[in-house]
Structure formats: C-alpha cells, structure tokens
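Asker: So the chains spell out like this:
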Amino acid sequence: MTVTSPPVPQIPLATGHQSRLVRVVRDEAWTGALVVLFAALLLWQSTQITAWGAFELQTLATSTLPLIFLALAQGIVVIAGGIDLSVGAQMVLFNCVSALFMEGRGLVACLLIALGTVVLGMAVGALTGWVVSRSGVPDIIVTLATSFIWLGVALLVMPAPGGGTAPGFQTLVSGSGSAFWPALLCVAAPLLLVWGPLRRSRAGLSIYALGSDPRAAFLAGVDARRARMTAYAVAGLFLALAGLATTAYTGGGQASAAVGSTATLNAVAAVVLGGIALTGGVGGLVGPILAVWCLFLIPANLLTLGVDPSYGEVVKGIVIVLVVLGGSLLRRTWSRS
Amino acid sequence: MPQTPDLLEVREVAKSYGPVRALRSADLTVAPGEIHALLGANGAGKSTLVKMLSGALRPDSGTIAVAGRQVRFSSPVDARAAGIAPVFQDPALVPHLSVADNFTLTGTDRAAVVGWIERLELQVDLAERVNSLPLALLRMLDLARALAHDPQLLLLDEITAALPTDFADRVFGVMREWRDNGRSVLFISHRLTEVQEICDRATILRDGRAVDTHRTSEGGEARIVAAMLGERAARVDLPQAAASAASATAEPRLVVEDLATGARLKGVSLTVAPGEVVGVVSLEGQGEDELFLSLAGDLKARSGRILVDGVAVRGRHPLQAIRKGITLVPSDRQFAVLPQRSIRDNLALPLYASMRSWGWVNARAERRAVDSAVDQLEIDTRAADQARQLSGGNQQKLTIGRWLVGGYDVMLCFDPTRGIDVGTKHQIYRLLRQEASEGRSVLMFTSELREVRLVCDRVIVLHDGRVVAQMPAAEADEERLLNAMHDLAPVEAR
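Residue numbers (our numbering), protein chains in the order written: chain A, 1 to 337; chain B, 1 to 494.
Note that these hints are calculated values from the structure, not bench results.
Some hints could be false.
Said to hold, decoys possible - Below, in silico cross-link-like pairs of lysine to any residue (SDA-like), each with a Cα-Cα straight-line distance of 20 Å or less:
hint	chain 1	residue 1	chain 2	residue 2
1	B	425	B	330
2	B	425	B	415
3	A	316	A	39
4	B	300	A	316
5	B	300	B	330
6	B	300	A	329
7	B	425	B	450
8	B	300	A	333
Please model the complete structure; the sequences and the hints are all you need to start from.
Answerer: Rendered as structure tokens:
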C-alpha cells in the first residue's frame, strides 16, 4: 500500500529556458524604461541647444553629483525596508565638516580629509542603524530626530557660509573645462567598488532579505541588526560622498536647513522614480541615478523652451506620478498573468 | 527504541503569550533513525513547539537536548548548527531574491543543494525570483535546502498540505531514506493516513501537553483521534438548542454555488435558510478563511455565484455585501473594533455607513438602537469610553452587536468565541439562537467542535477547499467531525 494524498491538480512547474529572456525583460523593465526616458530627454535637449555637446553633459553630470549620492544612500536604506529622513541634513553636515578642514590646504591633505569624512559618514550611518534596531522606534522617527541633530551640529561647525577646498580637489571631482567624465567616474567608482561586490555577497543579500520579508529573513538566519547597520553604514558612505561633492562643486560649505530638506525630498523622489519599492527589497541602484538625471533634465529643458521654472517643477511632479502609476499598473498586470 | 540515546529530548517545555498559555508542559523524544509524528488539534501547541525546535522562539521554561547535550537556541542559525533543519508550510524563502541568492543567503553548499534538486526531480531555473514560483515548488526547494545542510533531524511542518501527490511521494521517499541512513525526521501533519503509513512513533499534544506517545503500529488512527480529543470525547454535551423552527423546505436565504478563489478554496456550494444556523468546521488552511472572506466581499472569487434571496451578489467590496445584508464578524476582533472609540461609536458604526447624506446623525434613533443592543448583549458598560479597555468577550459582543444595530440578513461569524470565557460564550450561543429564531441566518465557522451541537442546526465540513461532509448538528459528534475533517472514511453514527 502506498500513501495516497488527496488529488491536487498538477501545477506546471517547468520554468523553461525560453522564459529567461522574459524574466530579464520583466526584472529590468523599469531601468529600461528610465533609459528610454533619459535618452529622449537628452535628445530633446540636444535639438534645442545649437552648440549642444560636452559642456551640457558636464553641467548635467557635475551639478547632479550630490543628489545622485543622496539618492543612492536613500536607495540602500529603502531596499533594507527603511527610510532615512536625515540624508539631506547629513549631506549638509559632511559638506560643512569637509569645507572647514579643507580650507587653505593642498590636494593631498584634502584627499586625506575626504577619506576621514567617508569614515565619519559610515560611523554615523552605523550608529543610526544601531539605534533603529536597538530601540525598535520606527526609522522614520529616528531619522527625523537625527536630521535636526545633524543640522544643528553643522551650524555649530560652520555658523556662517565659509570654508574652502583645494582647487585640485575641485578639478578632480568636477573636471576641468568641459570634461564630464571625472564626475561620471566619481559615481561609477563607489558603485562598482562598494555596491557591486556587496550586492552579490551575503551581507548585501541580507539587506535585500530584510527589506523583502523580515520573517523569512529571520528564519533564513539573517541577523537583522547587522544587516540594518550595514545598510545604513553604506548609505553613510554615500552621504559623505554627497557632502564632499557639494564641497567640490561650491568650493565651500553652508549649513542651510532649506538645502537639507529639499535634498531629502528629492532623494525620495529619485528613489521612487528609480524603481525602488518603498515597501523594501525591490530595485537596484542604477535606476535612481537615471531618475536623478531625468529629474534634472525636465525643468532644464522646459527652461530652454522659455517656460516659467515654476511650471518645470509642476511637470516634474506630474511625471513622477505618471511613471510610478504606470509602473504599478504594469506590475499588477504581470503578477496576474 | 530503547537503549540508544535519544537524538532529541524535550522536557517540560512551556511557553505563554501574555495570558495565553500556548504550551504548558510538553515532552518529546526522537530516537536516531526514526520518523516521529507530532500531532494535535488546532491550538494544541504544535506550532509553538516547532518554533522552539527551529530556534525561532525561546521557551519560558523546560529543557531541550540534542544528542544528550542541552541546547539553547537564540536564532534559527543555532538550530541549524545543532543539526536541526526545519521546512515550514510557508517556505522561509525571501520573495524578492532569486532561488540561487536565497541559497547564498543561508550559506548553503551549492553542489549539495543542486544534487538534492536533481534527486527530487525539480525543474527550476535557479535565477528565477522566488515570488514568481508556485508555492508547492518553493516548499520542495526549501526541503532541498534543508537536506543540503545534512541535518541529524529534519523538521517537516505540514509540508504535505496542498502538495501535489507526486511531490508528496517524493517527500516520503526522502523521509524513508533519511531514516535508513540513521537520521531522524519529525513530521507534523493533519493527514492521519500519511502518519499511519510512514511514521514509526507519534506524540500527540492536547491543550499544551503531550498526552500520548505510541508506536503507530499499535493503536491506529482511532487511538490518535481519541488522544487528540481526550476527556471531551466521553463527556456528553446536552444539545441546548434543539433544531429551531428552521425547515429545509423554506426558500434558502443564502445560496453559494461552486465558489472558488484559487489554490485554497476550490469549489464550495452551500445554502443557509432563514432561521438557520449552519456550522462550518475544518482543519486549518482548508479554504475556510477564503470562503468567509469572499462571502463578505473582502476577497474576489474566481468563479462561482453568491445569491441572497435569489439575487446574485457581485462585487469586491464589503460594502456591497453589507448592502445585500451579508455581514462578517471576523476571526480577529482587533480588525473590527475601533479601540479608541466608545462602545456607542463602535455599535453605531453601520448607521454612519448607511447614511445617505453626510449630514447630522439622528442622535435619538442612534441611542435607541444602541441601547437595545447593549441590553440584548448584556455588554458591560463600565468602560464605555474606549473599547480597548473592554475584555475580549465584551469586545466580541461589540463586533456582533454592531450588526444588531445595523441590521442584516446573513451573519458570517468566524470562530466568534475564540479566546473568550465560558460565560460570555454561552451568552453568544444564546444570542445566535435567538437571532435565528427571529428568522435571520447565521453561517458560523468554529474551531471548537462541541459548539456545533450547542449552536448549529446543520454542519458542513471542509477539506482541501471542498465540502466533504454535511450532517445535521444532532448527529455531529466530535469523533465524526474529526474523521470528516481529516477526510477519513466516515464512522457509523452511534
């Protein structure tokens, strides 16, 4: 006699090789759509400006650099199932700290200070992650509180706009003349050197697991506190880079609450537009970069058309809503089929 | 198995969640080279014990020893290190990661797990994301992962529930092989036929205690069912409510035709007449949640029809069901009670929903309706300001009383007496009978089988998403119901 179980209809289990292409298209559809949107916006800009070329690309790459780092930081935290309302304040803090110490020093000293700022950023991030894990207070509250703290510290460090940096450091980040590749390299290097290996490692997978399903992650043996601290520490690294990029771009430091809060909200917008689900566990870091560029180009293009910049912001908002709405509709259709 | 030291020894383990004692004192021993079944009715404490053995939960007291060494698991990693690998009904795979990434996450040896995937004849692309794969396959992958860790004890929690037959057979094959290699399996299942066929010994839990451990060759299913029931099987419950005026000849108020929602609810037809209380019983996860939620308009049915007084109810929103007179008293009253609002606000809630305009509330009519419900339900109004200060029983009365105020034709009650005291239970029984005698219809799921004879006129048994038995409440003793719930051959009525 064999064990008989109630008849259950057979479920098709084969996920054949022909579906691999479908899978890649489905998983990368969001990033693909952003590439198309970005290319269209870039093409549009190039038809509007007669002498379009390297200079416009340099403007795009350099002036978006701080926001890109900010979006990457926010992206990692959101992937881990959290949200960080203090990213803007931290960027301002690291901007002020680095500008204070870099003033009047040479390139080598500035690079060492930059390294120190990165270490500081990671430490601040790890601390935030530890507090969130340990206290059990939702991270939206914790980081709201720390955003005031970091801004206050920034004001203590630099009560009035000032500070400085070495011209060599500025060139290194922003490029000289109309060279746009140094800024691109500044984005690509940490992404490839830090995020690339991390994402495929157990530490990186733990970050995704924590955001995707905390229960399954726990049962799989993920240490939630360590995963969260790693996520926040890597985010801190990117936030330090955002502060340093601001120092290089502006040649000084300024503890401005308005800059911080606007930057935080823009980072959230870039994360959402970049295809990272606010519920956690979904998305990558290429999407937010493309999203930042798109968000920069929309008002810029409208400005060259002679449209009031205020309308540019309105259009930006509408685009965010439409893209996210379209994306979720698409996802729902896919999950149903 | 005497002489050999036990692989797993659980002694007097207890666990409470607040005032609820999930496990009072559980003992369990698993010898090397045996397949041991862990059995018990819903709420007997099985899942609590399994969580402790897999490191997901720490016991309040008692000891757990593996191969003679006392262990204290503070996470699932510890349990795995001690040689215990669990496979749960809901696989512990992270949904948004690929299968391969999930294996990396747990540090599973890739060659070993691929070997097991081939052995289990699973066709799967490891780069596929977990949330795009069917549940049955995920469970098998979780099993392959557990096997790849080469555990001394394989912990299989309801792995065969809703598993296709060929998959289940492969699971049994692996279990036998594991035993033949001198390893052990702890097998949790509701399917007693499987247990009888494949397990060497069985331990039965009841009310948080291990009440019986025996060789499955000695005793059979009858002994298991008797142990699960305990004293209660012998106790006679006087049917307090003799079948009311409800007659089968009356036009049914609620007609459900072949209702299905997908994997869990596969096609249920039933009728409820005016003045009738119909009970629904089943093991966990047999489609009972889906049945009640889709009737209440909270879950969209994939096929089938719902008719009230001959008129089809369409829609996917509870409001549409409520307008047709179908109301739900959900299993978890936390979903239904507004904890910070007063008793009055909680009871009057349906009146607000039915207001045609957003104008003034008719305070006098509201007070009259609410006062009458408070009287009828004997709600303790000392803590009238905030519903959260009420006892569980009184909160449950609010969720029922709300519909006495709002009016209804068919009330769906999902385990309405879960976790409330005996006195209140009896008040609720009386209330449901009284409502029925006034011509209303009640469909009631219950996990307490004796309630069937206390409250219901008729009872329907669900198994695997379908109705497998139906009988008058007077004939529904617990043994018959349990047999039907396990989809065993019916026993003769005594």
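Asker: Residue 300 (chain B) and residue 329 (chain A): Cα distance at most 20 Å?
Answerer: 18 Å, holds
Asker: Taking 20 Å as the top limit, are the C-alpha atoms of residue 300 (chain B) and residue 330 (chain B) close enough?
Answerer: 17 Å, holds
Asker: Hinted pair, alpha-carbon criterion (20 Å max): residue 300 (chain B), residue 333 (chain A). Please report holds or violated.
Answerer: Holds - the C-alpha atoms of residue 333 (chain A) and residue 300 (chain B) are around 16 Å apart, at most 20 Å.
Asker: For a C-alpha distance cap of 20 Å, please report whether residue 300 (chain B) and residue 316 (chain A) respect it.
Answerer: 36 Å, violated
Asker: Residue 425 (chain B) and residue 330 (chain B) were given as a pair; does the straight-line alpha-carbon distance stay at or below 20 Å?
Answerer: 16 Å, holds
Asker: Assess, step by step, whether the Cα of residue 425 (chain B) is no farther than 20 Å from the Cα of residue 415 (chain B), and give holds or violated.
Answerer: 11 Å, holds
Asker: Just to be careful, I want the Cα atoms of residue 425 (chain B) and residue 450 (chain B) compared with a cutoff of 20 Å; is the pair within it?
Answerer: 12 Å, holds
Asker: Compare the distance between the alpha carbons of residue 316 (chain A) and residue 39 (chain A) with 20 Å, and conclude whether the hinted pair is satisfied.
Answerer: 16 Å, holds
In summary, the one numbered hint that this structure violates is 4.
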